[in-house]
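*Asks:* Protein chains in written order, with numbering that gives the first Met the number 0: chain A, 0 to 354; chain B, 0 to 297; chain C, 0 to 272.
None of these hints come from the bench; they were simulated from the model.
Quick caveat: nothing in here was measured; it's all calculated off a predicted structure.
Just so you know, even glycine gets a beta-carbon here, dropped at the ideal spot from N, CA and C.
Each hint should be verified, as a subset may be incorrect.
What the hints assert, rightly or not - If you want the ones that stay clear, here's a sample from chain C, every Cβ over 12 Å from chain A, calculated: (1) Val18; (2) Ser45; (3) Pro54; (4) Arg59; (5) Ala63; (6) Leu75; (7) Phe104; (8) Gly111; (9) Gly131; (10) Gly140; (11) Ala176; (12) Met177; (13) Arg183; (14) Trp196.
Stated by the list, open to error - Only pairs whose alpha carbons sit at most 20 Å apart, straight line, appear in this in silico SDA-like list of lysine to any residue: (15) B:Lys287 - C:Leu115; (16) B:Lys189 - B:Pro216; (17) A:Lys244 - A:Arg282; (18) B:Lys189 - B:Phe210; (19) A:Lys244 - A:Asn230; (20) B:Lys247 - C:Asn237; (21) A:Lys107 - C:Thr185; (22) A:Lys31 - A:Ile218; (23) A:Lys313 - A:Leu332; (24) B:Lys189 - C:Arg17; (25) A:Lys107 - C:Arg17; (26) B:Lys247 - C:Asp233; (27) B:Lys247 - C:Glu238; (28) B:Lys287 - C:Leu109.
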Amino acid sequence: MSIHRPWLEVSGLTRSFGAVQALRSVDLTVEKGEMLTLLGPSGSGKSTLLKLIAGFDYPDSGSVVLDGCDVTYASPSSRDIGMVFQNYALFPHLSVFENVAFALRMRKLPRAEIAQKVRDALERVELSKFAERLPRQLSGGQQQRVALARAVVFGPRLLLLDEPFGALDRKLREHMQLEVRRLQRELGLTSVFVTHDQEEALLMSDRIAVVHDGLFAQIGTPAEVYAAPCNAFVAGFVGESNLFKATQGAADTVELEGGARIPGPSARHAVGAGMAVMVRPERVRRLAMGQTADIRMDAKVLEVAYVGETVKYKLRHSNMEMLARWPFEGELLEPGAAVSVGWNRTDMVAVDLQS
Amino acid sequence: MSRTEAAALPSVSPGVPGIQPARRKGPSRLPTLLLGLPALVFLAVFYFIPVALLFSQSVEQGGVEHFRKAVGDDLYVRVLLDTLLIAAYTTVLSLLLGYGVAYVMATTNSKRAGLLILILVLLPFWTSVLVRTYGWMVILGRNGVVNRLLMSAGIIDSPLALINNMLGVVIGMVHVLLPYMIFPLVAVMKRIDPSLVPAAVGLGASPFAAFLRIYLPLSMPGVIAGATLVFVLAVGFYITPALLGGGKVAMMAVLIEQQVRSFLNWPLAAALSVVLLLATLGVFAAVKAVANRTMRWQ
Amino acid sequence: MRGTHIKRKAPRLTSWNRVLLNAWCGLVLLFLAAPIAVVFPISFSSSEYLQFPPPGWSLRWYQAFLGDPQWLDATLRSFRIASVTMLLATPLGTLLSFCLVRGKFQGRALIGQMTLLPMVVPLIIYSIAVYGLFAQLRLIGSWFAIVLGHTVYTIPYVVVIMTAALNTFDESQERAAMSLGASRWTAVMRITFPQLWPSIVSAAFLAFISSFDELVIAMFLGGSNMTLPKKMFDNILNEIDPTIAAVSVLQIVMVSAVLVLVSRFGAGAAPKT
Chain A
0 MSIHRPWLEV SGLTRSFGAV QALRSVDLTV EKGEMLTLLG PSGSGKSTLL KLIAGFDYPD
60 SGSVVLDGCD VTYASPSSRD IGMVFQNYAL FPHLSVFENV AFALRMRKLP RAEIAQKVRD
120 ALERVELSKF AERLPRQLSG GQQQRVALAR AVVFGPRLLL LDEPFGALDR KLREHMQLEV
180 RRLQRELGLT SVFVTHDQEE ALLMSDRIAV VHDGLFAQIG TPAEVYAAPC NAFVAGFVGE
240 SNLFKATQGA ADTVELEGGA RIPGPSARHA VGAGMAVMVR PERVRRLAMG QTADIRMDAK
300 VLEVAYVGET VKYKLRHSNM EMLARWPFEG ELLEPGAAVS VGWNRTDMVA VDLQS
Chain B
0 MSRTEAAALP SVSPGVPGIQ PARRKGPSRL PTLLLGLPAL VFLAVFYFIP VALLFSQSVE
60 QGGVEHFRKA VGDDLYVRVL LDTLLIAAYT TVLSLLLGYG VAYVMATTNS KRAGLLILIL
120 VLLPFWTSVL VRTYGWMVIL GRNGVVNRLL MSAGIIDSPL ALINNMLGVV IGMVHVLLPY
180 MIFPLVAVMK RIDPSLVPAA VGLGASPFAA FLRIYLPLSM PGVIAGATLV FVLAVGFYIT
240 PALLGGGKVA MMAVLIEQQV RSFLNWPLAA ALSVVLLLAT LGVFAAVKAV ANRTMRWQ
Chain C
0 MRGTHIKRKA PRLTSWNRVL LNAWCGLVLL FLAAPIAVVF PISFSSSEYL QFPPPGWSLR
60 WYQAFLGDPQ WLDATLRSFR IASVTMLLAT PLGTLLSFCL VRGKFQGRAL IGQMTLLPMV
120 VPLIIYSIAV YGLFAQLRLI GSWFAIVLGH TVYTIPYVVV IMTAALNTFD ESQERAAMSL
180 GASRWTAVMR ITFPQLWPSI VSAAFLAFIS SFDELVIAMF LGGSNMTLPK KMFDNILNEI
240 DPTIAAVSVL QIVMVSAVLV LVSRFGAGAA PKT
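Can you make the complete structure from the sequences, with help from the hints?
*Replies:* This is how it looks when you write it as structure tokens:
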């Protein structure tokens, strides 16, 4: 009987800088061929974790095991990990070819093999014609593709990407996101991707690990993290959400802060416990006359924001404010207009108050 | 690289006292201190030790007797004050002359002009002080360019005394130290946001007011850096006062040299050196204190 | 490595102001150039005395310099001293810069300040100090003694240039190289060093020129063996003849040649304090 072993296993990793605890004993596994994203705000510890995996820092305690090898204290050059840096870190005095060939030269491969591999890598990122150029002669997007080619050409065991798309404009970023995903799947490269952009995370990942204050708030597939956030932080960080503080009641009801008792989501808390009810803005539906829903209320429009395909409305019902997001159907509601809105029990998720 | 099975991972939980393995230092902890060691040892042996030995000579035997002479004797006090005065003149003049050049250099939109000015400032900077001082002797001497021109134009009858006095020394020193004023100024000016002055003008300020209230204060760090550098260098100058002063202008450096070479009075020379150093460091510290207080927005 | 950044234009003063400013700037630059320009015609003067304008033209002073073994001796001595100083001060200063910029130990700032002391403390103080010490060790007159003194004098200049260069160097390139399999040493040699090379060249040239032109230390430590600056100094004081002008011109030409070389192969020749 063989024990299934994850490709990358991080156990009990802790790292503090003086009084600041950047990582508080985190555990993580990544399967072979998987793209896992570390998603979190600045200062959450995701970059620290990446550095520990890459080998540019050692943990206070805990271990990093890659393909069965304990690499916790191995030097970065011996870990066989490819890394794409935030600012690309291309070698300005070397040509594109030499940049990509660097790792192969370090491994002392025969010249012909190097040339072949570099050519293949450049073709994969569609930069074959730029082999002899210098980095400063390339655009931002092209430089990034060189950085990518450089990191994968030697067939690393793991690919790390540290917020690589920050400097690109929106269209280019979207293009590159798909590119990287395609490349990663083609090569079957296990990858860890770091970002603070939740849209990017949802798009690119097989699984997302939401990092908050040195701990993982939640680890799951994009769908899980989006539709079933386990606490208020994740709910608020991944996508927009409406969070209503409440107390868990009996028979799957909840008592809102104002005292109203409404049908609640599937209970995850003990009766009497404090929790929050989360409803995504797109689930707050506009109800026509006579339409029913589990929860129904009259609301007044406070603010309107037109975003192209959809319109975001800020609504108020007595002392509750909420966000709604509806497809644009030709007409905008004015602030002050009255609407009927509602949602069903299945649109709600019970989340922890603490993160 | 060890091949450990998952089961062999450290099974010790953090926080168990005494058993927790000590944290290894981060990778690539290149012993950077070691790199600097050769230079530091070299400086220690060939700089700090000789200077320390010199200073120790100032208090040998009679204790503070030499210091008393150095700061009490009218003659020596005179020299110190003259030195500080000349340094002050030099600094102010360098600032007046250098600010404009630095401004043009930092704000010119023509790459060529910027390059030309840079060359014209760099060339004197790299040229030997001796050569430049000699050049001034040629220009300012009794039979020099200036006097010849003025006399042949009939403006004066007898040559002006432009060297062998404080005037000549100051001119020479300003010339040598001007680049040291210009470079820090340019460095700071280049970092000033070019849209600030137009913004002020747009809000109603005249160009002059905008300069006075916006640009000048922002360039202060450069002014202070340059002025400090020039003053400190001027206080310790030897070559220019020696040549252009003609023995009539005594600055501390010249005085110290005399004591060693002509009078072999090492203790006094040492005491004078200490006084000179203290004056230099004193100016440094004073400027830093004032700068820190007045430029808190930095 | 980022792409190019957009340069913003400086504000335009009113045209009158600008004209006046440019004129003032021009005058100051003229002031800076004057003494250097003036030695050229004097060096070609046919008169033995300092006369301006020169009564006639002649190459006799150049011939006097090139034909005089004492002058040539002093020049060669200065060359030798400057070369060895450059070879000594540049590596020492560069390593020290690495230590100051990359090091993570206590007292780093203090050591940095102390390194700059030889630049700030008046040169005369150091000169007599080292004179006193070397006199006791009977090293006066030895050319190597001057090298030691000059090395101390030029190390701070090297450090200033190299720390500026290291501070602007993108360290993540070294990390990238290491992630690709290079050891720390290889990364520094293959990636950092080649990019620092222009600054090293500038620092080396600066050390060379500073040593070549240096007078005060050489005056004390040289004894009767004179360096070029010392001989020039004596010559000026004794007002002998315009040979000194010819030597000056040659020196200016040499410095210009060095500056051209530095602009070609070096970087950071203008001090960015």
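*Asks:* Would you mind marking each hint as holding or not holding in the structure?
*Replies:* Now the hints, each set against the structure:
no. : hint                : verdict
1   : Val18               : 38 Å, holds
2   : Ser45               : 54 Å, holds
3   : Pro54               : 57 Å, holds
4   : Arg59               : 51 Å, holds
5   : Ala63               : 48 Å, holds
6   : Leu75               : 37 Å, holds
7   : Phe104              : 16 Å, holds
8   : Gly111              : 23 Å, holds
9   : Gly131              : 48 Å, holds
10  : Gly140              : 46 Å, holds
11  : Ala176              : 7 Å, violated
12  : Met177              : 4 Å, violated
13  : Arg183              : 8 Å, violated
14  : Trp196              : 9 Å, violated
15  : B:Lys287 - C:Leu115 : 16 Å, holds
16  : B:Lys189 - B:Pro216 : 14 Å, holds
17  : A:Lys244 - A:Arg282 : 18 Å, holds
18  : B:Lys189 - B:Phe210 : 15 Å, holds
19  : A:Lys244 - A:Asn230 : 12 Å, holds
20  : B:Lys247 - C:Asn237 : 16 Å, holds
21  : A:Lys107 - C:Thr185 : 13 Å, holds
22  : A:Lys31 - A:Ile218  : 17 Å, holds
23  : A:Lys313 - A:Leu332 : 11 Å, holds
24  : B:Lys189 - C:Arg17  : 18 Å, holds
25  : A:Lys107 - C:Arg17  : 61 Å, violated
26  : B:Lys247 - C:Asp233 : 18 Å, holds
27  : B:Lys247 - C:Glu238 : 17 Å, holds
28  : B:Lys287 - C:Leu109 : 16 Å, holds
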